[in-house]
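Trainee: Below, each chain spelled out in residue letters.
Protein chains: 4
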Amino acid sequence: MTATQVQALISDGLPMADEIGFTVERVRPGFARTRVPHSDRNIRPGGTLSGPLQMALADAAMYAAILASLDKAEMAMTSNLSINFLQKPAAADLIGEATVLRMGRRLAVCEVRLLSPTEDGEVLVAHVTGSYALPTKA
Amino acid sequence: MTATQVQALISDGLPMADEIGFTVERVRPGFARTRVPHSDRNIRPGGTLSGPLQMALADAAMYAAILASLDKAEMAMTSNLSINFLQKPAAADLIGEATVLRMGRRLAVCEVRLLSPTEDGEVLVAHVTGSYALPTKA
Amino acid sequence: MTATQVQALISDGLPMADEIGFTVERVRPGFARTRVPHSDRNIRPGGTLSGPLQMALADAAMYAAILASLDKAEMAMTSNLSINFLQKPAAADLIGEATVLRMGRRLAVCEVRLLSPTEDGEVLVAHVTGSYALPTKA
Amino acid sequence: MTATQVQALISDGLPMADEIGFTVERVRPGFARTRVPHSDRNIRPGGTLSGPLQMALADAAMYAAILASLDKAEMAMTSNLSINFLQKPAAADLIGEATVLRMGRRLAVCEVRLLSPTEDGEVLVAHVTGSYALPTKA
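Protein chains in written order, with numbering that gives the first Met the number 0: chain A, 0 to 137; chain B, 0 to 137; chain C, 0 to 137; chain D, 0 to 137.
It is possible that part of the hints are untrue.
Under the rule of at most 30 Å between Cα atoms (straight-line distance), these lysine-lysine pairs were calculated in the BS3-like manner [unchecked claim]:
| # | chain 1 | residue 1 | chain 2 | residue 2 |
| --- | --- | --- | --- | --- |
| 1 | A | Lys71 | D | Lys87 |
| 2 | D | Lys71 | C | Lys87 |
| 3 | C | Lys71 | D | Lys87 |
| 4 | B | Lys71 | A | Lys87 |
No wet-lab data here; the hints were simulated from the structure.
Input sequences plus hints: build the corresponding full structure.
Mentor: Structure representation (structure tokens):
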């Protein structure tokens, strides 16, 4: 599946993804690079991005990486998600790079790095692990 | 602090709380009961509430419990959050009951139970633990 | 299954449980109360119990609660475990009370409270959530 | 600090580290590579290594990475630890590579990859994140 196809699937299933402007930049089996573009609407007092926005991006990035890895995975559902906030992201785009650590028959375990673009490159602002329950094969 | 005071503080600090209609129902030191009222805007295809909405409520519920426990804690910031999704919440109100498990000098550790109202009472739909970094005393 | 039966199963499967003197005090469907008795061997410098000992007890307590809830669950395996250390346990017995939050077809999600006996009753020293992958029905 | 110095500190503070033969292979600021050598004593029925052993190694690896990064960090204490078990490790050595994701003033957040050596190189068997509360500067 291409990045465009993954993004179309996610827009259909997650209305919120559209609202925050979620885009899928790049996918390959086991990996997805995703982005929430800068928007005044997402900025909190203090000029940063909220925790819930970061969690929403991480969840969608994991879903994108699974869709890019497995046919007919649209019904996959988040089973758990654990996030460590490391530093405040800048009032800028937020990038989520998701890697599938293990694709089991029933559960996919993923890691997501949330990155904030700076003059010196992209810095890690949060680290996420999570798992998705996979749909049972028909 | 009263529930109304806690809610006013959160509305000021978290614009998103207002958007989703977040309300603080009841507080006491170490505890807060909070709610996101039913809204068509929050409903996902399939008639349920999204994972990110659940995470946003859990995060705000922890913050409410901390504000109810500690003076001048407005600058407390989420350090980590870990959620287990147990079952799909109904297309209805979503309730978040947060308990402070430990109020340290530097870190508050909380537990949140997300509940969905049904005919047979409130059922547990997600379980969350998380910690907030507390502001340093001046 | 009785507490004695659950304990016998665990002693067979987890040699380490025997080494640390792990006992199952009480079970009912969805719940197990377990204990590691005081032993000089488990005490760390500073007169407390190590983090790994606490994690080992939590893991075994979850397993006990699952065995008490489901037939033929011996092959259940820990999928993830997340622990928040709240305060140092005393150099005394350590108690683990595990509750099954959700028993799904494929995954059991549990919560464990680690308790330390004091003069004023049992105090919470660590909070754990975790999930076990359940064996597929034959 | 050298790997040998870090290992000596850990042997002094964590008797269990010595019991399981924990060794520090390599350190640099923000990183430690550690190992538990193969021992019949650590093998579970089925020819694999127990979950608690994996958690103990992950915890010690994080501690080693912190000691390698910060002076006088001996009193750092695990605040939380979250592990995803990905596949059964072989009945062989177990390697833990810990990276410090964020060294704050009060909290160090780390990631650990547990690796099992195979003919085709080292494979990831578990993924861990955790945080250590750092001692307050005198």
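Trainee: Determine for every hint whether it applies to the structure shown.
Mentor: Cross-check of the supplied hints:
As the CA atoms of Lys71(A) and Lys87(D) are separated by approximately 27 Å, the hinted pair is consistent with the 30 Å bound. Under the criterion of a C-alpha separation no larger than 30 Å, the hint pairing Lys71(D) with Lys87(C) is consistent with the structure, at around 21 Å. Proximity of Lys71(C) to Lys87(D) is assessed by CA-CA distance (about 21 Å); at most 30 Å being required, the pair is judged to hold. Of the pairs offered as hints, the one joining Lys71(B) and Lys87(A) holds, with about 21 Å between alpha carbons and a cut-off of 30 Å not exceeded.
Violated hints for the displayed structure: none, as all numbered hints are satisfied.
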